[in-house]
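Novice: Chains as they are written, first to last, in the working numbering: chain A, 222 to 316; chain B, 222 to 316; chain C, 222 to 316; chain D, 222 to 316; chain E, 222 to 316.
Zero decoy hints are in this set.
Chain copies aren't distinguished; within one or between two, either way the pair holds.
Straight-line alpha carbon distances no greater than 27 Å define the calculated DSS-like cross-link-like pairs of lysine-lysine that follow: (1) Lys316 to Lys250; (2) Lys256 to Lys316; (3) Lys241 to Lys316.
These are calculated hints, taken from the structure and not from any lab test.
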Amino acid sequence: MILGKVVGTIVSSTINDGIKGSRYLLVEKTDQYGKKLGDYLVALDIIGVANDELVMVTEGSPSRETPETVSKPVDALIVGIVDLIDENETVVYSK
Amino acid sequence: MILGKVVGTIVSSTINDGIKGSRYLLVEKTDQYGKKLGDYLVALDIIGVANDELVMVTEGSPSRETPETVSKPVDALIVGIVDLIDENETVVYSK
Amino acid sequence: MILGKVVGTIVSSTINDGIKGSRYLLVEKTDQYGKKLGDYLVALDIIGVANDELVMVTEGSPSRETPETVSKPVDALIVGIVDLIDENETVVYSK
Amino acid sequence: MILGKVVGTIVSSTINDGIKGSRYLLVEKTDQYGKKLGDYLVALDIIGVANDELVMVTEGSPSRETPETVSKPVDALIVGIVDLIDENETVVYSK
Amino acid sequence: MILGKVVGTIVSSTINDGIKGSRYLLVEKTDQYGKKLGDYLVALDIIGVANDELVMVTEGSPSRETPETVSKPVDALIVGIVDLIDENETVVYSK
Numbered sequence: 222m223i224l225g226k227v228v229g230t231i232v233s234s235t236i237n238d239g240i241k242g243s244r245y246l247l248v249e250k251t252d253q254y255g256k257k258l259g260d261y262l263v264a265l266d267i268i269g270v271a272n273d274e275l276v277m278v279t280e281g282s283p284s285r286e287t288p289e290t291v292s293k294p295v296d297a298l299i300v301g302i303v304d305l306i307d308e309n310e311t312v313v314y315s316k
Numbered sequence: 222m223i224l225g226k227v228v229g230t231i232v233s234s235t236i237n238d239g240i241k242g243s244r245y246l247l248v249e250k251t252d253q254y255g256k257k258l259g260d261y262l263v264a265l266d267i268i269g270v271a272n273d274e275l276v277m278v279t280e281g282s283p284s285r286e287t288p289e290t291v292s293k294p295v296d297a298l299i300v301g302i303v304d305l306i307d308e309n310e311t312v313v314y315s316k
Numbered sequence: 222m223i224l225g226k227v228v229g230t231i232v233s234s235t236i237n238d239g240i241k242g243s244r245y246l247l248v249e250k251t252d253q254y255g256k257k258l259g260d261y262l263v264a265l266d267i268i269g270v271a272n273d274e275l276v277m278v279t280e281g282s283p284s285r286e287t288p289e290t291v292s293k294p295v296d297a298l299i300v301g302i303v304d305l306i307d308e309n310e311t312v313v314y315s316k
Numbered sequence: 222m223i224l225g226k227v228v229g230t231i232v233s234s235t236i237n238d239g240i241k242g243s244r245y246l247l248v249e250k251t252d253q254y255g256k257k258l259g260d261y262l263v264a265l266d267i268i269g270v271a272n273d274e275l276v277m278v279t280e281g282s283p284s285r286e287t288p289e290t291v292s293k294p295v296d297a298l299i300v301g302i303v304d305l306i307d308e309n310e311t312v313v314y315s316k
Numbered sequence: 222m223i224l225g226k227v228v229g230t231i232v233s234s235t236i237n238d239g240i241k242g243s244r245y246l247l248v249e250k251t252d253q254y255g256k257k258l259g260d261y262l263v264a265l266d267i268i269g270v271a272n273d274e275l276v277m278v279t280e281g282s283p284s285r286e287t288p289e290t291v292s293k294p295v296d297a298l299i300v301g302i303v304d305l306i307d308e309n310e311t312v313v314y315s316k
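Please model the complete structure; the sequences and the hints are all you need to start from.
Specialist: Written out as structure tokens, the structure is:
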């Protein structure tokens, strides 16, 4: 999984994903300190994430392994909002 | 998913993909502002995209998760035409 | 899918792929003009491609989605020989 | 598989992975000598790894091929703690 | 598939792969001439490869498509030992 911050929304009325009311977010990758890295991807949000929240994103086939995404053409999924990250016993990120 | 603009068509009469009348497009990756990045891929189009439209592309195995592409050797699929992108509450791309 | 030109053959008598008479080709990636990029991969050929032909290659799991490759350990498959590529309404490659 | 050292923990109370008590670790990639490379990923730990241990990480779909991760949206899994690495008949890493 | 030379062994007594007696090798990627490129990965060996042999490695999900690796968390598999490579009708590598 990778870390990223939600920075925007992609609207596509023609989306052919078979998911009712799917919501695609623009995610900017970050390091473990929440610092943005200037590298972006589009990920499906099924948990309701707010702008600027730090999230974990699953990429590739495993994105399909939730009840909402099974057998859907989705290759990036936000799986959780990060509360806290520690590195070498020190808290380096806190929500 | 990644963002890209359709810039061309690939014609292959010998294509061995098992998809009747499959249409492969040359897609140039873009950023969220629709700016082309000089990086290209070939993606299957099953929704009917016109030249220069901004699209969302799914890569890898999830490309097979539509009725048209199930069990087909396709690793990149155009899943939707982008209408609008907002970044930090500002519209940065509009069709 | 990516574009590439066939530049050679890989012979492996011990190949453990379960495909009878499998033929692996050395493919050099190209841009949409057929210009070689100095980046190589090994792909399975099941359609009979000649040296220097421009081909489309599927990567990853979707490579297994043909009758010949189903349930086989193949991660790159030549799916078609390219006849023609147009970019912005201009033919940029022709066989 | 890739090699990496465990350097931290990611806490996400909202994680939507369907795995009870899942534990995600921050892993810094290393070379075969255990030297850290400054490149990080988040991987699921189901074997109980301690901080600074050198581990093998499986990426992508195969991460789901354990009883704990089957049909789960996990794209990186710690599969083992490395005891020893030899390179050209010389031990280059030992736990 | 990619080309690489076997340069070492990874020993992990705690490996959680469900494969009895699995053997993981350190593989250094090479070009088609067998020249080492300084880029490494860890791959499962089920055919019995010796040190310094040039091999073909399958990556990702297709690694699971052998009787020994089916439903196992393996993302890189040595599928064959290379006997010969020709490029543009010239033999550029021979075992």
